[in-house]
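Per UniProt numbering, the sequence shown starts with residue 1, numbered consecutively.
Hint data in this document are derived by calculation from the structure and do not stem from the laboratory.
It is possible that some hints are incorrect.
Within a straight-line C-alpha distance of at most 25 Å, the following computed PhoX-like cross-link-like pairs (lysine-lysine) qualify [unchecked claim]: (1) K231 x K60; (2) K231 x K152; (3) K90 x K69; (4) K30 x K13; (5) K87 x K100; (6) K69 x K87; (7) K13 x K90; (8) K60 x K30; (9) K248 x K69; (10) K69 x K100; (11) K90 x K100; (12) K13 x K87.
Each pair of labels, with its calculated beta carbon distance range [to be verified]: (13) T49 x E137: 47 to 55 Å; (14) A117 x Q255: 31 to 39 Å; (15) E15 x H83: 23 to 31 Å; (16) P143 x N204: 15 to 23 Å; (17) G148 x A47: 17 to 25 Å; (18) Y32 x R274: 41 to 49 Å.
Backbone N, C-alpha and C define an ideal beta-carbon position, used for all residues, glycine too.
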Amino acid sequence: MGFRTVIVRSRVKLELRLNYLVVRGEIEQKIYLDEIATLIVESTAVALTAALLAELARRKINVVFCDDKHNPCAELTPFYGAHNTPKRYKEQIAWTRQAKDYVWGELIRAKIAGQAAVLEELGFAAEGALLRRYRAEVQAGDPANREGHAAKVYFNRWLGERSRRQGGFVNACLNYGYAVLLSTFNREVVASGYLTQLGMRHDNDCNAFNLSCDLVEPFRVVVDRRVMTLKAEQGDFRSRLADVINLKAEWEGRQTTLDVAIRGYVRNVTEVLREGGGAIGIPIVAHDKIGELSLYEIDGTV
Numbered sequence: 001m002g003f004r005t006v007i008v009r010s011r012v013k014l015e016l017r018l019n020y021l022v023v024r025g026e027i028e029q030k031i032y033l034d035e036i037a038t039l040i041v042e043s044t045a046v047a048l049t050a051a052l053l054a055e056l057a058r059r060k061i062n063v064v065f066c067d068d069k070h071n072p073c074a075e076l077t078p079f080y081g082a083h084n085t086p087k088r089y090k091e092q093i094a095w096t097r098q099a100k101d102y103v104w105g106e107l108i109r110a111k112i113a114g115q116a117a118v119l120e121e122l123g124f125a126a127e128g129a130l131l132r133r134y135r136a137e138v139q140a141g142d143p144a145n146r147e148g149h150a151a152k153v154y155f156n157r158w159l160g161e162r163s164r165r166q167g168g169f170v171n172a173c174l175n176y177g178y179a180v181l182l183s184t185f186n187r188e189v190v191a192s193g194y195l196t197q198l199g200m201r202h203d204n205d206c207n208a209f210n211l212s213c214d215l216v217e218p219f220r221v222v223v224d225r226r227v228m229t230l231k232a233e234q235g236d237f238r239s240r241l242a243d244v245i246n247l248k249a250e251w252e253g254r255q256t257t258l259d260v261a262i263r264g265y266v267r268n269v270t271e272v273l274r275e276g277g278g279a280i281g282i283p284i285v286a287h288d289k290i291g292e293l294s295l296y297e298i299d300g301t302v
């Protein structure tokens, strides 16, 4: 399991050589593929070989491509992420409405709890208490849309003033961070043998990632917290957002990274959907980096 987030920002050629990602620019650099969890190609001037892309897909390394404005616009997804993919597809189609409603309710409770904690840390005790009341009112499937009511309170409170002052920057940060996080869920859904297109609650015919959008909901607050620490004049804000997957997380009683915990979480939730019930675990995320060597930027220098 890789642990590095590699961001490529300059005009270079990326190729495969003896299990290494080789970066050919003014100088040649090599990164062992087993160390890479996510590759973000931020520059549109980057050239990649087909051999490298095929190997990245085979190893299930998360690859995100950005457009000319540095916004994530595409990702590399293997056709078959597991040996029993056809079996998983059949199981996914057979998930019952009762099971999907149960899981959705649990995920929304976790999401609202995270939002309430943020507001309380920011000093908005009354709003935090209101969100905890909304959380207690969530039923299977969330028919009363407690999620929507909580989101309105949450974003109006912590984004209100800042959005008026830095609206464009904040929205750009949120979109970038959410996209990188979603790509991690896409990787794990495919690796588990399921279709990202068939969701529990999200059901948009134009969304290729409905299931991932369902599963990511309790984790959006991780990106929100990181955005709260950023300023427009910081040139490295994209790097800091991409690095949220390397935060420390507790999963099943042991310390790991959020990236690894997401793998266990996806398998846990899909097992509950398959079995029609069971306990759903949500990783406990610590809001600091697990190591200084987790992020590797290629911008002419290392």
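Inset, instruction - Could you work out which earlier hints the structure fails to respect and list their numbers in ascending sequence? - result: 1, 3, 6, 7, 9, 10, 12, 14, 17, 18
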